[in-house]
Amino acid sequence: MTLHDLEKIFQAKIDQEIKIEPKDWMPEAYRKTNIRQISQHAHSEIVGMLPEGNWISRAPSLKRKAILVAKVQDEAGHGLYLYAAAETLGISRDQMIDDLHSGKAKYSSIFNYPTLSWADMGAIGWLVDGAAIMNQVMLCRTSYGPYARAMVRICKEESFHQRQGFDALLVLSKGSEAQRAMCQDAINRWWWPSLMMFGPKDSESTNSDQSMKWKIKRKTNDELRQNFVDMIAEQIKLLGMTLPDPDLKWNEERKHYDFGEIDWTEFWNVVKGNGPCNKQRLDARRKAHTEGQWVREAAIAYANKKKEKSAAA
Amino acid sequence: MHINITKYYYGDIPDAGNNNTHESTGHSTTSSWPLWEVFIRSKQGLDHKHAGSLHAADAAMAIENARDVYTRRQEGISIWVVESQYIHASNPDDAEMFYEPASDKVYRHPTFYDLPDEVKHM
Numbered sequence: 001m002t003l004h005d006l007e008k009i010f011q012a013k014i015d016q017e018i019k020i021e022p023k024d025w026m027p028e029a030y031r032k033t034n035i036r037q038i039s040q041h042a043h044s045e046i047v048g049m050l051p052e053g054n055w056i057s058r059a060p061s062l063k064r065k066a067i068l069v070a071k072v073q074d075e076a077g078h079g080l081y082l083y084a085a086a087e088t089l090g091i092s093r094d095q096m097i098d099d100l101h102s103g104k105a106k107y108s109s110i111f112n113y114p115t116l117s118w119a120d121m122g123a124i125g126w127l128v129d130g131a132a133i134m135n136q137v138m139l140c141r142t143s144y145g146p147y148a149r150a151m152v153r154i155c156k157e158e159s160f161h162q163r164q165g166f167d168a169l170l171v172l173s174k175g176s177e178a179q180r181a182m183c184q185d186a187i188n189r190w191w192w193p194s195l196m197m198f199g200p201k202d203s204e205s206t207n208s209d210q211s212m213k214w215k216i217k218r219k220t221n222d223e224l225r226q227n228f229v230d231m232i233a234e235q236i237k238l239l240g241m242t243l244p245d246p247d248l249k250w251n252e253e254r255k256h257y258d259f260g261e262i263d264w265t266e267f268w269n270v271v272k273g274n275g276p277c278n279k280q281r282l283d284a285r286r287k288a289h290t291e292g293q294w295v296r297e298a299a300i301a302y303a304n305k306k307k308e309k310s311a312a313a
Numbered sequence: 001m002h003i004n005i006t007k008y009y010y011g012d013i014p015d016a017g018n019n020n021t022h023e024s025t026g027h028s029t030t031s032s033w034p035l036w037e038v039f040i041r042s043k044q045g046l047d048h049k050h051a052g053s054l055h056a057a058d059a060a061m062a063i064e065n066a067r068d069v070y071t072r073r074q075e076g077i078s079i080w081v082v083e084s085q086y087i088h089a090s091n092p093d094d095a096e097m098f099y100e101p102a103s104d105k106v107y108r109h110p111t112f113y114d115l116p117d118e119v120k121h122m
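So the protein lines, in turn, are chains A and B. Using my numbering, you'd call the opening residue of the first sequence number 1 and step up by one each time. Using my numbering, you'd call the opening residue of the second sequence number 1 and step up by one each time.
Please note that the accuracy of each hint is not assured.
Stated by the list, open to error - Straight line, CA to CA, 25 Å or less: simulated DSS-like cross-link-like pairs of lysine-lysine:
#  : chain 1 : residue 1 : chain 2 : residue 2
1  : B       : 49        : A       : 156
2  : A       : 23        : B       : 43
3  : A       : 19        : B       : 49
4  : A       : 213       : A       : 32
5  : A       : 156       : A       : 219
6  : A       : 213       : A       : 8
7  : A       : 219       : A       : 32
8  : A       : 215       : A       : 19
9  : A       : 8         : A       : 219
10 : A       : 156       : B       : 43
11 : A       : 65        : A       : 213
12 : A       : 219       : A       : 255
Honestly, the hints are just simulated from the structure, not real lab data. Predicted model, so just to flag it, every value in this text is computed and none were measured.
Same shape as in the complex, but just chain B (with noise of 0.2 Å):
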């Protein structure tokens, strides 16, 4: 008998010979939760960083949720969620232009200047 053999990763399981009835579980989707963004604050004094997102019903899940997902090992002593919906984000498209201002301005580094050595504490 001959196997038609297709490479897979794990995660990514081939479908050929699939045996399974496609039968759908027919679930209304229209109940689903809103998407958000959580930022946790690892510590006292460091800014609250993107970690990832989650869904929930409301404002309230969405933290409990945040911490039973990104903080079961004291990743976190702040949570902030936001709604995915209100992120307004740049255009990578438009990464080039957009920060070309930037790119011909070294004079805004300390290390433009080139001073003495004798020059102490600067």
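So that you can see chain A by itself, here it is in the shape it has in the complex (with noise of 0.2 Å):
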């Protein structure tokens, strides 16, 4: 069979909704698209648990602290789904690993804002959370079946994520006048960085989009964006605060919340490096990599104790 027949066959199967499994053969391009996207994404969840990482010690009730916990061990928890889906495509986890500490691998540019106060982590669960949502529940049918596996398992726990975020404002938004103060420069601080989230507008797009081809992905970009942009409109009435765009108002004619132009430069500034906590974050999974490694020598080296031990015996 020639190469072009393979990939006939290959996208027959795809535009027959029929998912593609690791040991089926599939276009080298596609492979790597999706090693990139996957290990990107588990990069995205492990270095996420920074930001809220920072305000477990200090949440202010017990109940807040281990909501908090468990939250950020999802997202560890997702982050391994996510490499686990990665590897069967035939990268190594440790290749991946570090591919993100040489900085060769990116993660979510989201997770280089800094937290600044405790509004932060209700802001992060509403929109960041709220944001990715939009992107996962689509991949819950792309066309790779170990990473919808990964992104159906990873949706259904993502769902509490969003809600203690927007229960955590609503708290606040019915508080003190500090209280509102803080949970209102949270949503300013986050709001717009939440939007750069989906990525350039369609229409500055250069390639080909091969990734809606192969059902890698399936919506643009714009309209994710746009979904989420109906959602939150509607949803921070409930928390009487405002999204900081002027120009966001209810479009009768296309049944969609019109916004602002996204400030494109502070985008490619933080994808490029120039983010208030790139280095920060970097830094942090560095330092808890390079302290681990004794631990995971150990580890290793009295599994093969054992074992010596049980083939004498």
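Could you fit the two chains together into a complex? Lean on the hints.
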């Protein structure tokens, strides 16, 4: 069978909504795109623990602390599901970790912003996880089987993340003047970076969209971003807060909210590594990995010793 | 200033204009833990079902890690782990030929037999 035939069979499977599994034939570019996307998604979950980890020891109550610990633990789990999914494509865990630490692989830029107040925990849950869920719900139907299955598991767990965030903000929004101000300030800071999470505008796309053809992705950046704006613009009314966008208004004709222009210079700056916390985040990951090295080595030494002992006995 | 924008998706972040130095962290990979497949019984009376995979130094650690990774919400009451290298699988390239013998034997299904309505309890 020629390469062309194999590609035709592959595309026919995709078109018939048949999932691609690890041992199936796939074009090299499909494999590479998935490795890249899944591993960077995994890195986002792992680095995503850092901004929230910052507030675990300072949560305002035991209840909030327990919730935050559970959420951060989920994110570690989500990272692990995704690393495992990427490994089915032939890349090793060590390689992925190394690519993250060297700066070769990226993670979502949103995690390069600092968490300055407790209200940021609410805003992250509501806005950042809310934006992530839009992407992730779509990815439950992605064409690569292990990725789709990981996403289904993640989506099931993720909805509590968004709800606890809104719940935390709702409490603040009904609190003192200072609490209300803190709530509004967090929303102001997280709104635009959340919109940037969906990536550049469709019209700015220079490459033909292979990811849509391969059904790795099923909705465009702009479609997802619009869904998100429509959802949040309604939900914020319940908080009695405002979104920091003077151009935000309902468009009766489009049946969607119009919204202002995103600052793409800021977006590219953060992607390039010049965000407020890029260095800090990577340093924290490298430190954790380096300091855990002896534990990994000790565990394997212990396992080997036990194996030898049981073989001798 | 012209910025060359390429499309990206959540988890798929562009390489373009990356200013980071590509230093390697340089850890040896020789000590990496083996991969394990995890099977979970969600409740008494049901089969163990494949849940996913993870790395662990030995079986005991694999079971503990599986508990933390796959049963944070009471998804299981029993866990099996097996090192991935011991799994043998059928070859997807042979699927057509391999499963073909079952495809023309409709008489193996109860719906193949058209019986009168008067026949009860069958």
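Hint by hint, here is what the structure shows:
About 18 Å separates the Cα atoms of residue 49(B) and residue 156(A), which keeps this hinted pair within 25 Å; it holds. In summary, the hint linking residue 23(A) to residue 43(B) is not supported, as the alpha carbons are separated by about 30 Å, beyond the 25 Å threshold. Simply put, residue 19(A) and residue 49(B) have alpha-carbon atoms about 19 Å apart, close enough for the 25 Å limit, and the pair holds. Only pairs whose Cα atoms come within 25 Å are accepted, and residue 213(A) paired with residue 32(A) is accepted, the gap being roughly 15 Å.
Between residue 156(A) and residue 219(A), the direct Cα distance comes to roughly 20 Å. Compliance with the 25 Å bound is thereby established for this hinted pair. With a C-alpha separation of about 13 Å, the suggested pairing of residue 213(A) with residue 8(A) holds against the 25 Å cut-off. Distance restraint check for residue 219(A) and residue 32(A): the Cα-Cα separation of roughly 20 Å lies within the 25 Å cut-off, and the hinted pair is therefore satisfied. Annotation: proposed proximity of residue 215(A) to residue 19(A) holds, straight-line Cα distance about 10 Å (limit 25 Å).
Proposed proximity of residue 8(A) and residue 219(A) is supported: the alpha carbons are some 23 Å apart, at most 25 Å. In summary, the hint linking residue 156(A) to residue 43(B) is supported, as the alpha carbons are separated by about 19 Å, within the 25 Å threshold. A distance of roughly 44 Å separates the Cα atoms of residue 65(A) and residue 213(A); the hinted pair therefore is violated under the 25 Å criterion. About 18 Å separates the Cα atoms of residue 219(A) and residue 255(A), which keeps this hinted pair within 25 Å; it holds.
Checked against the numbered hints given earlier, the structure breaks hints 2, 11 and satisfies all the rest.
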